[in-house]
Amino acid sequence: MKHIKSIETRHHEERDAFFEGLRRLDRRGFMKLAGLSAGIVAAKGLITPHSFQLVSVADAAPSSRPRFTFAYISDTHLYKKELNDRFVRSILRAVDDVNRLDPQPDFVLFGGDLAQLGKKEELDLGREILKSVKAPVRMMVGEHDWFLDMGEHWRTNFGEPQYSFDHKGVHFITLMSVNEKDFWTERGMTPEERMQTVAGLDNGVQSRFEVGAAGREWLKQDLARVDKKTPLIIFSHSPLYKYYRPWNFWTEDADEIQAMLEPFENVTVIHGHTHQMLSNQIGNIQFHGMLSTAWPWPYAPEGLPSLTVQMNRADPFSNFDGCGDGRFDVTAEGLVDKLYNLWDRDPVTVRSSYLASKGKKDRPAATKLPSY
Amino acid sequence: MNARKTSGIAALGALGLLSLGAASAKDASAKDASTPGTSPAPATHQVPRSAEGNVVIALCDGETTLEVKGVKDPARIDKKQAQAISDQLMAEWLRKNPQANWDPVPPRVALAQPQPPTPPPAANADVKKQGESAASDAAGVAKQKGGEQAGHTYGAFSARDEALWKASAEQMVKEGHRVFHDSKELGSTVAISCDMCHPDAANTHPETYPKYQVQLGRVALLRDMVNWCIENPVRGKPLAEDDPRMKAMEAYILAQRKGVKLEYGKH
Numbered sequence: 390m391k392h393i394k395s396i397e398t399r400h401h402e403e404r405d406a407f408f409e410g411l412r413r414l415d416r417r418g419f420m421k422l423a424g425l426s427a428g429i430v431a432a433k434g435l436i437t438p439h440s441f442q443l444v445s446v447a448d449a450a451p452s453s454r455p456r457f458t459f460a461y462i463s464d465t466h467l468y469k470k471e472l473n474d475r476f477v478r479s480i481l482r483a484v485d486d487v488n489r490l491d492p493q494p495d496f497v498l499f500g501g502d503l504a505q506l507g508k509k510e511e512l513d514l515g516r517e518i519l520k521s522v523k524a525p526v527r528m529m530v531g532e533h534d535w536f537l538d539m540g541e542h543w544r545t546n547f548g549e550p551q552y553s554f555d556h557k558g559v560h561f562i563t564l565m566s567v568n569e570k571d572f573w574t575e576r577g578m579t580p581e582e583r584m585q586t587v588a589g590l591d592n593g594v595q596s597r598f599e600v601g602a603a604g605r606e607w608l609k610q611d612l613a614r615v616d617k618k619t620p621l622i623i624f625s626h627s628p629l630y631k632y633y634r635p636w637n638f639w640t641e642d643a644d645e646i647q648a649m650l651e652p653f654e655n656v657t658v659i660h661g662h663t664h665q666m667l668s669n670q671i672g673n674i675q676f677h678g679m680l681s682t683a684w685p686w687p688y689a690p691e692g693l694p695s696l697t698v699q700m701n702r703a704d705p706f707s708n709f710d711g712c713g714d715g716r717f718d719v720t721a722e723g724l725v726d727k728l729y730n731l732w733d734r735d736p737v738t739v740r741s742s743y744l745a746s747k748g749k750k751d752r753p754a755a756t757k758l759p760s761y
Numbered sequence: 005m006n007a008r009k010t011s012g013i014a015a016l017g018a019l020g021l022l023s024l025g026a027a028s029a030k031d032a033s034a035k036d037a038s039t040p041g042t043s044p045a046p047a048t049h050q051v052p053r054s055a056e057g058n059v060v061i062a063l064c065d066g067e068t069t070l071e072v073k074g075v076k077d078p079a080r081i082d083k084k085q086a087q088a089i090s091d092q093l094m095a096e097w098l099r100k101n102p103q104a105n106w107d108p109v110p111p112r113v114a115l116a117q118p119q120p121p122t123p124p125p126a127a128n129a130d131v132k133k134q135g136e137s138a139a140s141d142a143a144g145v146a147k148q149k150g151g152e153q154a155g156h157t158y159g160a161f162s163a164r165d166e167a168l169w170k171a172s173a174e175q176m177v178k179e180g181h182r183v184f185h186d187s188k189e190l191g192s193t194v195a196i197s198c199d200m201c202h203p204d205a206a207n208t209h210p211e212t213y214p215k216y217q218v219q220l221g222r223v224a225l226l227r228d229m230v231n232w233c234i235e236n237p238v239r240g241k242p243l244a245e246d247d248p249r250m251k252a253m254e255a256y257i258l259a260q261r262k263g264v265k266l267e268y269g270k271h
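Taken in sequence, the protein lines are chains A and B.
Heads up, the first sequence is in my numbering, so the first residue is 390 and it goes up one at a time.
Heads up, the second sequence is in my numbering, so the first residue is 5 and it goes up one at a time.
Hints are computed from structural coordinates only; laboratory data are not their basis.
Some clues are possibly wrong.
To be verified - Derived PhoX-like pairs: lysine-lysine, alpha-carbon spacing no greater than 20 Å straight-line: (1) B:Lys-170 to B:Lys-188; (2) B:Lys-215 to A:Lys-470; (3) B:Lys-170 to B:Lys-270; (4) A:Lys-469 to A:Lys-523; (5) A:Lys-520 to A:Lys-509; (6) A:Lys-508 to A:Lys-520; (7) A:Lys-508 to B:Lys-188; (8) B:Lys-215 to B:Lys-265; (9) B:Lys-270 to A:Lys-757; (10) A:Lys-509 to A:Lys-557; (11) A:Lys-469 to B:Lys-188; (12) B:Lys-262 to B:Lys-170.
Since this is a predicted model, take the numbers as computed values, not measurements.
All chains should be modelled from the sequences, with the hints used to inform the complete structure.
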């Protein structure tokens with residue numbers, strides 16, 4: 390008797406086989422395959438030889454060979470594993486994903502919020518898990534890592550939260566953008582209460598995020614040494630623009646930071662925190678929001694950047710839906726094409742050309758379903 | 005009627021239990037003393053006015069009164085103070101009636117005020133002369149004074165009534181907000197609270213329930229989905245339908261979606 394496979398199994402097998410084949414192709418070979426595939430589509434009417442869309446395959450193919458790539462894992466929100474193993478399983482899945490990338494990325498960016506409540510055991514657990522990443526890991530800090538002990542343990546583990554480095558002609562800067570003004574002393578809060586307050590998204594008690602005067606001064610000094618033609622890639626946990634203030638999807642001194650980045654030719658800002666696909670272009674700066682491995686957030690009721698191609702509502706019945714990890718392909722100009730590796734969904738690529746053309750070119754395929 | 009003007013007086017409800025008890029005890033003793041067959045005259049309680057214009061509260065035993073020092077407006081009496089007043093009156097009445105029994109009967113509280121409020125218009129309206137009747141024609145209706153209907157009582161609520169009701173509804177919403185944000189209150193074993201996925205109750209869509217919930221394979225109410233979330237991501241025990249926490253959370257979730265079009269059954 391013929392073995393019967395489920396639709397899901399067939400879908401994933403076909404998908405894996407196709408991408409595996411794709412990886413071995415050069416551009417000409419890809420065009421040939423795409424043409425062949427399109428021919429079959431035309432011949433068969435509506436049915437494609439694969440259960441996924443040919444369009445998304447074409448999207449996934451890089452427009453030109455990237456200079457180099459780096460991967461990302463973000464917003465893991467770990468509790469200690471005895472308490473909550475779900476988030477632990479998620480980060481393990483992400484680590485597996487980036488370890489399977491071939492070729493391997495030059496490094497893996499961790500986008501912040503490693504811990505849920507900034508506890509030592511949470512941060513230590515995260516550090517242990519990230520040790521199994523094959524590529525070097527660059528760390529960024531998030532507010533969940535910070536406000537229990539004001540970064541003491543995070544610094545012990547990972548060093549200073551604000552640093553820069555040069556890699557293959559690109560100047561990288563990691564900013565500490567989740568400083569808050571003191572809202573706790575006046576209220577007589579304990580460190581735990583302070584952390585719990587910052588961990589809540591929808592409270593008006595906490596202050597808004599900011600890089601702060603000292604951080605901005607540091608950034609100014611750092612940028613003074615960089616040629617204006619050198620591509621810049623900035624990592625910050627909170628978006629360096631103003632999205633939705635009530636949920637702290639916001640950086641209070643974003644305008645000042647943007648003004649400092651304005652003289653540079655190619656600037657990319659990559660942020661965590663918002664747990665959703667998010668794309669924005671302000672002046673010369675391209676912004677990319679990263680996915681979370683822990684849980685997705687709904688889009689805010691207002692302030693969503695118009696270039697964002699929304700993902701549709703996550704299935705609450707799936708632990709992984711709407712979550713994921715991803716990869717950045719750094720193009721010849723020093724901008725990035727971003728691959729959202731959405732778990733249990735097809736991947737989506739948002740290209741630098743899409744942002745640079747203000748949405749006129751290379752628009753990523755969007756879901757027809759409502760995002761809510 | 006004044007009683008419903010104030011939450012404090014509402015809280016005096018417990019007092020009625022003993023106040024009428026007092027009256028019946030008095031009646032019973034009066035009956036014993038009087039000639040059989042003649043009913044005793046109803047006690048007329050002359051509630052003294054306060055010289056300083058304070059609120060005076062009277063029991064319906066016909067004699068016990070209490071001046072509330074420093075309070076001119078009965079509406080200013082809060083729940084706690086009302087309880088203290090009723091405790092004092094009860095103690096006083098028990099002192100006078102050491103042998104008394106009382107029965108659970110509805111509250112009756114007499115109240116004297118320096119300036120009793122004007123009764124609502126419905127109470128002194130002349131329905132027969134000016135009101136609309138079956139015999140009225142359209143022209144007759146139009147001739148009514150000021151174009152206002154008279155003789156209707158229900159709905160004659162004061163602004164204070166409405167403020168009180170609003171406050172109590174808001175209190176429930178606030179409690180719901182607390183539960184929604186508190187993993188311990190939700191019984192979570194994994195430290196997850198509702199707001200982690202639903203900031204400001206976003207993505208809950210109470211206006212679409214009841215609806216066919218595909219993943220459950222049946223039509224679900226909002227509370228069914230709340231319980232699903234409590235059992236699964238939150239990893240707690242589902243709440244009973246009349247659990248105050250469930251009610252409060254429903255109140256909070258609905259309050260967050262006020263003004264959104266009701267589209268029950270929409271998936």
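Hints versus structure:
1. For the suggested pair Lys-170 (chain B) and Lys-188 (chain B), the alpha carbons sit about 28 Å apart, so the restraint of at most 20 Å is broken.
2. Distance hint between Lys-215 (chain B) and Lys-470 (chain A) is unfulfilled; the C-alpha atoms sit about 36 Å from each other, more than 20 Å.
3. The hinted pair formed by Lys-170 (chain B) and Lys-270 (chain B) fails the criterion: a straight-line CA distance of about 30 Å is larger than 20 Å.
4. Proposed proximity of Lys-469 (chain A) and Lys-523 (chain A) is contradicted: the alpha carbons are some 23 Å apart, above 20 Å.
5. With a C-alpha separation of about 16 Å, the suggested pairing of Lys-520 (chain A) with Lys-509 (chain A) holds against the 20 Å cut-off.
6. Of the supplied pair hints, the one linking Lys-508 (chain A) and Lys-520 (chain A) holds, its CA atoms being roughly 19 Å apart against a limit of 20 Å.
7. Taking the CA atoms of Lys-508 (chain A) and Lys-188 (chain B), the gap is about 18 Å. The hint holds against a cut of 20 Å.
8. With a C-alpha separation of about 15 Å, the suggested pair Lys-215 (chain B) and Lys-265 (chain B) falls inside the 20 Å cut-off, and the hint holds.
9. In summary, the hint linking Lys-270 (chain B) to Lys-757 (chain A) is supported, as the alpha carbons are separated by about 17 Å, within the 20 Å threshold.
10. For the proposed pair Lys-509 (chain A) and Lys-557 (chain A), the alpha carbon gap of about 35 Å is over 20 Å, so the pair is violated.
11. This hinted pair checks out: Lys-469 (chain A) and Lys-188 (chain B) have alpha carbons roughly 17 Å apart, not beyond 20 Å.
12. Distance restraint check for Lys-262 (chain B) and Lys-170 (chain B): the Cα-Cα separation of roughly 14 Å lies within the 20 Å cut-off, and the hinted pair is therefore satisfied.
Of the hints listed earlier, those the structure fails to meet are numbers 1, 2, 3, 4 and 10, in rising order.
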